[in-house]
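> So the chains spell out like this:
Protein chains: 2
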Amino acid sequence: GTRRRTGLADMASATAAAGAGASPVRLRPFKRVAVVGGTHGNETTGVYALRRFQKHPELLARDGIDVEYCLANPKAVREVRRFVDDDLNRQYSMARLRDDSLESYESVRAKLIEQRFGPKDSDRPHADFLVDMHTTTSRMGITMIFESQGVDPAALYVAKEVRRMLAGRTSAPVFILFADLERDGIPHTPSIARSGVAIEVGPVAQGLLRSDACEWMEQAALAVMDAIARLNTGEATASEAEAVPVFQNSRVKVPCPAGEDGSPLAVFHERLQDGDYRPLRKGDPIFRGLDGEVIEYDGRLGDTVFPVFVNEAAYYLPESGLGFALCHHATLPLPPIVTAEDGAARLSLPVPPADDAEAVAAAIEASDPWEAAEAAAATA
Amino acid sequence: GTRRRTGLADMASATAAAGAGASPVRLRPFKRVAVVGGTHGNETTGVYALRRFQKHPELLARDGIDVEYCLANPKAVREVRRFVDDDLNRQYSMARLRDDSLESYESVRAKLIEQRFGPKDSDRPHADFLVDMHTTTSRMGITMIFESQGVDPAALYVAKEVRRMLAGRTSAPVFILFADLERDGIPHTPSIARSGVAIEVGPVAQGLLRSDACEWMEQAALAVMDAIARLNTGEATASEAEAVPVFQNSRVKVPCPAGEDGSPLAVFHERLQDGDYRPLRKGDPIFRGLDGEVIEYDGRLGDTVFPVFVNEAAYYLPESGLGFALCHHATLPLPPIVTAEDGAARLSLPVPPADDAEAVAAAIEASDPWEAAEAAAATA
Chain Y
69 GTRRRTGLAD
79 MASATAAAGA
89 GASPVRLRPF
99 KRVAVVGGTH
109 GNETTGVYAL
119 RRFQKHPELL
129 ARDGIDVEYC
139 LANPKAVREV
149 RRFVDDDLNR
159 QYSMARLRDD
169 SLESYESVRA
179 KLIEQRFGPK
189 DSDRPHADFL
199 VDMHTTTSRM
209 GITMIFESQG
219 VDPAALYVAK
229 EVRRMLAGRT
239 SAPVFILFAD
249 LERDGIPHTP
259 SIARSGVAIE
269 VGPVAQGLLR
279 SDACEWMEQA
289 ALAVMDAIAR
299 LNTGEATASE
309 AEAVPVFQNS
319 RVKVPCPAGE
329 DGSPLAVFHE
339 RLQDGDYRPL
349 RKGDPIFRGL
359 DGEVIEYDGR
369 LGDTVFPVFV
379 NEAAYYLPES
389 GLGFALCHHA
399 TLPLPPIVTA
409 EDGAARLSLP
419 VPPADDAEAV
429 AAAIEASDPW
439 EAAEAAAATA
Chain V
69 GTRRRTGLAD
79 MASATAAAGA
89 GASPVRLRPF
99 KRVAVVGGTH
109 GNETTGVYAL
119 RRFQKHPELL
129 ARDGIDVEYC
139 LANPKAVREV
149 RRFVDDDLNR
159 QYSMARLRDD
169 SLESYESVRA
179 KLIEQRFGPK
189 DSDRPHADFL
199 VDMHTTTSRM
209 GITMIFESQG
219 VDPAALYVAK
229 EVRRMLAGRT
239 SAPVFILFAD
249 LERDGIPHTP
259 SIARSGVAIE
269 VGPVAQGLLR
279 SDACEWMEQA
289 ALAVMDAIAR
299 LNTGEATASE
309 AEAVPVFQNS
319 RVKVPCPAGE
329 DGSPLAVFHE
339 RLQDGDYRPL
349 RKGDPIFRGL
359 DGEVIEYDGR
369 LGDTVFPVFV
379 NEAAYYLPES
389 GLGFALCHHA
399 TLPLPPIVTA
409 EDGAARLSLP
419 VPPADDAEAV
429 AAAIEASDPW
439 EAAEAAAATA
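Chains Y and V, in that order, are what the protein sequence lines are. Sequential numbering of the first sequence, starting at 69, is according to this note's numbering. Sequential numbering of the second sequence, starting at 69, is according to this note's numbering.
Next up, chain Y with everything else stripped away, as it sits in the complex (with noise of 0.2 Å):
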């Protein structure tokens, strides 16, 4: 073929090299950070994490730090369900924790919530960052999302800071998941604070404690809290401009045909399933169908994709959005960051357009990432 076999680090490095005598950003410090685990009551990893944490505050301690944890959904997590009557992380949108009229139990959570690490509309809300612990029974490994109004320089930093960190150490790889996303809207828990990500774990099942889940939950959280210290040390945490490969969310879902009851009537195509991050060409099965007809993927967001989300037990769940998620490649500058009390409370840096998606395609499919993670796991 006539695929160009560029890496991922080299266009990374070239993207780096554009944007080298950056000029450092000014942030203010990141000096309460809020651990939730729970927001969903059936990924039951989170909220043994939680527990663990807490019965060991020794293990995200950091100086200058403050810890605060937070159990999101008790009686979804006493019930092991994902929700008891609306998804709890569809209720952050300002619109939502300001709609009086909402009073399912799960809309009750949100408001509280908000009202101990929000406000979400303030530039000085309670929580300087927010770590929202969740799994997914997607093979994603360790996904760092985050979302922001164009580019969070600092949960681009503590992602791209867990993914360094983490190389060699764990048997999943990390991934970073980024959407860009109008402030206001973003329905997620990380949104009311100051700056935020969700660590996501998979493939886990709901219900249950993996021993290999746990550990890329409680390494990916320990982490973050390692990289928020680095920033708070109020220097420039890069000599130069990084730049950081990511995956871009577009929110386009393609849900699994269904009937009117919402019972699936198709099942992931053994060619996508486990599939996540891996390329997606139009015309490539997606499903197979009751009566054995394959359906394929008719390029909607373009030809080459990178699906998430890939059979994820939520997903079939109208409340929670269904369907599997696609994304582009982009590769993010990161500045310096410097923190000082009179920085800015968030800034909001430009995303700049997606990656050549057949370039990002060759580039992994000559590598694959969990062959590597593991490789490099096992002779550490």
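Hints in this document: simulated from the structure, not taken from any laboratory. These numbers were taken from a predicted model, which means no experiment stands behind them. Certain hints may be false.
Which copy is meant is left open, because identical chains are indistinguishable; a pair holds if it fits in one copy or across any two.
What the hints assert, rightly or not - Only pairs whose alpha carbons sit at most 25 Å apart, straight line, appear in this in silico DMTMM-like list of lysine to aspartate or glutamate:
id : residue 1 : residue 2
1  : LYS321    : GLU364
2  : LYS123    : ASP248
3  : LYS123    : ASP329
4  : LYS143    : ASP154
Given the coordinates of chain Y, assemble chain V onto it according to the supplied hints.
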């Protein structure tokens, strides 16, 4: 070591030779087969299989057999939960079926299903054979479960035929899991018919469909129908006695340490995770606690045993029975079977003593059944 290197097949041959010349047993034919899915509402694979079989009745159609389909717990299926009030698959003991004071949704469903396919305490229940389709989060491949008071030769025949027919055809190995239980007390669905099996496929998370698990379920269900059709030919099903290696569920369970509210205080140790049907020896690690401490197998059922339902999500719930289960291994003699209208409704053959556990363990450690199944399926 001094472990014997007798293979499981050798052990079975020796037992068969001992029983050679056994005279055939006579059973009434199996003309009405009940195919049940959705006994647990979040075990989506069986629900999907049921839908596919109903849309394509040719899949299970066999000469002289009437197939009846049953979606057992429609409310739990709609809510994608294991159960609404109580575990449906714990309701089928005679005591509970005849207790008019029980009014939970599932106890009522059980009575309706027993009215349709039973009576359980009859020699002429409506269903001659019942197949209940389940999934597990444990790595149990395709497990054919049958429970009977003594050995039910019809169920044993069907289970071993499924194993024979699927050899080299599925990427998962087939295991037979037997329990010797007082018949009236058996709480599970197949016990309401004259004979029956549960098909248990895994690993698969609750609330989703995986193509591999769907394929395993469909292939197993088709093979069950083929086996029943062969039984019904009315001729002896074997020219000589066979001996069938099975795992025998002791019903001794080992629960995960938990707090007063039921929340887990430990994680399955990585050496036990995915270790279903692998030898577990006294002193082997089974859990790692919240403080990092390792909990070992205490030898409660013997120095060498075989675990099943390792990290099954449902067994974090007290309603379903906490903990993983310990098995012995046994080699069950299977006499030739003749079917005739004047044959017996059921037979109860004696259960032989368990096999030498260390000999079985050595055979399993010498040849991994998953690798063997995948290799055979790849070359087929």
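> Each hint: holds or not?
So, going through the hints one by one against the coordinates:
1. LYS321 with GLU364: Within one copy, since 14 Å is at most 25 Å while 45 Å is not.
2. LYS123 with ASP248: The answer is neither: 36 Å in one copy and 44 Å across copies each exceed 25 Å.
3. LYS123 with ASP329: Between. Shortest inter-copy distance 17 Å satisfies the 25 Å Cα cut-off; intra-copy 44 Å does not.
4. LYS143 with ASP154: both (12 Å within a copy, 18 Å between copies)
Going down the numbered hints, you'll see the structure goes against just number 2.
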